[in-house]
Amino acid sequence: MHRFFISPELLAQTSRSSLHRVMLPAAVAHQVRDVLRLTPGEHVVLLDNSGDEIEARIVHTGRSGVEVEIVERRKGRSEGCLRLVLYQGLLKSARFEWILEKGTELGISAFVPLRCQRSQIGQEELGATKVQRWQRILQEAAEQCGRARIPALLPVRSLSQALAELPSDALIVMPWEQEKKLSLRTALRAHRRQVHEAVLMSRPLTVALFIGPEGGLAPEEVALARECGALVVSLGPRILRAETAALVAAASILYEYEDEDEQAGETG
25 MHRFFISPEL
35 LAQTSRSSLH
45 RVMLPAAVAH
55 QVRDVLRLTP
65 GEHVVLLDNS
75 GDEIEARIVH
85 TGRSGVEVEI
95 VERRKGRSEG
105 CLRLVLYQGL
115 LKSARFEWIL
125 EKGTELGISA
135 FVPLRCQRSQ
145 IGQEELGATK
155 VQRWQRILQE
165 AAEQCGRARI
175 PALLPVRSLS
185 QALAELPSDA
195 LIVMPWEQEK
205 KLSLRTALRA
215 HRRQVHEAVL
225 MSRPLTVALF
235 IGPEGGLAPE
245 EVALARECGA
255 LVVSLGPRIL
265 RAETAALVAA
275 ASILYEYEDE
285 DEQAGETG
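Here the sequence shown is numbered in the working numbering, starting from 25 and rising by one per residue.
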């Protein structure tokens, strides 16, 4: 079924057992009626960013709009026990947007644009139009990949601000091309041995992943992160582009904790 995020206010009166009708917003109605050409009787999934999925049946399509009847409200797919926040050094817009799209598909929970020493001048200027575009990319990617929540997009932060704001129990991971000894895999597996699985299943684990901009992180920035407890790791012998490094590291982290997600789901 096709999935659409809509305003929570439109669904505020629904419960898990109630039935009522809703007029879809104009943009969603256009997508349903004119692009997908869905017809009365077909079902769609509506999402209000609460984590629930609302199955609805189309009852009317016309120039005046598209009306649906709520069939069922149910819990959506779990986001898992891991909250992965990507602090991404600012990049050229197209590359950053690619990270937003693919990172959402992977399961990243939040994105924070990061101002670094080697960020190009002007990249940190995020106007309302650009932010709206990025929010739309996140929403469309979440709809496409079956998520019930849209990842958060936070304001631009400096490295020092980002590190200072992290919760005390967050795991900080910083890939750096000059690190030759500690691999990401070794660091993550050592962390899992230190943190009992029961703890991981009782509350979400926050992993803060820091990726530098084009040109990488400066040694002074890495030193600051180490002082804050960051695990500075290697992603292998090859030098990766910033956007490649972000997705490789994110996928590795999510994979490493995947079995905790499964166990949490079985016991929840």
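None of these hints come from the bench; they were simulated from the model.
We put the CB at the ideal spot given by N, CA and C, even for glycine.
Accuracy of the hints is not assured; some may be wrong.
Stated by the list, open to error - In silico DSBU-like links for lysine-lysine, alpha-carbon gap of 35 Å or less: (1) Lys99 x Lys154; (2) Lys116 x Lys126; (3) Lys204 x Lys116; (4) Lys204 x Lys99; (5) Lys154 x Lys126; (6) Lys99 x Lys126; (7) Lys126 x Lys205; (8) Lys116 x Lys154; (9) Lys204 x Lys126.
Said to hold, decoys possible - What follows is a list of derived Cβ distance ranges for each label pair: (10) Ala51 x Gln141: 16 to 26 Å; (11) Arg142 x Pro191: 33 to 43 Å; (12) Ala36 x Gln141: 29 to 39 Å.
task: Sort out which numbered hints this structure fails and list those numbers smallest first.
output: 4, 10, 11, 12
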